[in-house]
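Using the sequences and the hints given, assemble the complete structure.
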Amino acid sequence: MLTIHTKLIDAMLDQAHKDHPMETCGIIVGPKGGNRPLRLIPMRNAAQSSTFFTFDPQQQLQIWREMETLNEVPVVIYHSHTESQAYPSRSDIEFAHEPQCHYVIIATDSNYSDKIRSFRIINNSVTEERVHIVKHYPHQEESAVLAV
Amino acid sequence: MQITVDIPTILRPLTNNQKRLEISAVDVREAIEQVEQQYPGVKERLVTDDQVHRFVNIYVNDDDIRFSHGLGTKLTTGDSVTILPAVAGG
Numbered sequence: 001m002l003t004i005h006t007k008l009i010d011a012m013l014d015q016a017h018k019d020h021p022m023e024t025c026g027i028i029v030g031p032k033g034g035n036r037p038l039r040l041i042p043m044r045n046a047a048q049s050s051t052f053f054t055f056d057p058q059q060q061l062q063i064w065r066e067m068e069t070l071n072e073v074p075v076v077i078y079h080s081h082t083e084s085q086a087y088p089s090r091s092d093i094e095f096a097h098e099p100q101c102h103y104v105i106i107a108t109d110s111n112y113s114d115k116i117r118s119f120r121i122i123n124n125s126v127t128e129e130r131v132h133i134v135k136h137y138p139h140q141e142e143s144a145v146l147a148v
Numbered sequence: 001m002q003i004t005v006d007i008p009t010i011l012r013p014l015t016n017n018q019k020r021l022e023i024s025a026v027d028v029r030e031a032i033e034q035v036e037q038q039y040p041g042v043k044e045r046l047v048t049d050d051q052v053h054r055f056v057n058i059y060v061n062d063d064d065i066r067f068s069h070g071l072g073t074k075l076t077t078g079d080s081v082t083i084l085p086a087v088a089g090g
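The listed protein sequences derive, respectively, from chains A and B.
So the first sequence is residues 1 to 148, counted in our numbering.
So the second sequence is residues 1 to 90, counted in our numbering.
Just so you know, nobody snuck in bad clues.
Partial selection, computed: residues in chain A whose CB lies under 7 Å from chain B:
no.: 1; residue: 51
no.: 2; residue: 52
no.: 3; residue: 54
no.: 4; residue: 55
no.: 5; residue: 57
no.: 6; residue: 60
no.: 7; residue: 61
no.: 8; residue: 64
no.: 9; residue: 79
no.: 10; residue: 89
no.: 11; residue: 91
no.: 12; residue: 92
no.: 13; residue: 95
no.: 14; residue: 97
The following residues of chain A were derived to be distant from chain B, with all beta-carbon distances above 12 Å:
no.: 15; residue: 18
no.: 16; residue: 20
no.: 17; residue: 30
no.: 18; residue: 31
no.: 19; residue: 34
no.: 20; residue: 112
no.: 21; residue: 116
no.: 22; residue: 128
no.: 23; residue: 135
no.: 24; residue: 138
Rather than coming from a laboratory, the hints here were simulated on the basis of the structure.
Keep in mind that this is a model prediction, so the values were computed, not measured.
Built from N, CA and C at the ideal position, the CB exists for glycine as well.
In structure tokens:
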């Protein structure tokens with residue numbers, strides 16, 4: 001199950017709709033050893049495509065180093081599908097290299113009613129999980145939510 | 001040249017869970033060979049026929065080797081080689 005603050009859900013949906021018809025992408029990081037998504041980081045889609053995304057490699061290096069310094073890990077990796085349902089494609093499965101992450105997919109095509117879904121992708125195997133949207137996190141974490 | 005190689009999470013099961021290796025190499029190609037010697041199986045995840053896999057990012061310090069000399073990128077003492085699998089999909 002992915003437990004996630006409503007501000008972070010709204011931020012991902014806004015970003016996806018702004019970038020449509022291009023696929024949007026990003027991560028939400030949290031403290032190492034935990035499972036709490038706190039800080040949203042939109043990533044530049046270097047593929048600039050409506051059917052593919054890849055994190056800009058230079059930006060990825062910078063963000064991965066930042067996480068190392070701040071003792072954070074990626075908790076959510078999100079991207080949008082602009083022409084298909086919010087379910088992992090073959091490419092999504094092929095390129096899922098962070099087995100501890102929640103892979104969130106947003107469908108921006110109005111033909112698909114399931115807008116945002118979350119999955120674990122481990123050893124090429126996909127399992128959907130429930131998205132539990134909360135209005136508040138426990139006190140200290142509430143102030144750490146960064147959805148901009 | 002004494003350098004460090006940062007191993008991404010997905011490959012750490014192959015390197016005894018070590019995330020940073022200290023090795024000696026003159027260029028990125030040799031660095032990967034050195035890692036392979038100590039930890040067999042790493043090289044094939046990164047390189048085929050002397051070409052880095054398209055969705056593997058390798059950096060020397062802050063620089064993506066795609067923009068310098070690829071596997072032939074020279075190393076100097078103290079350099080840090082970072083390997084990051086691309087995050088991608090569609």
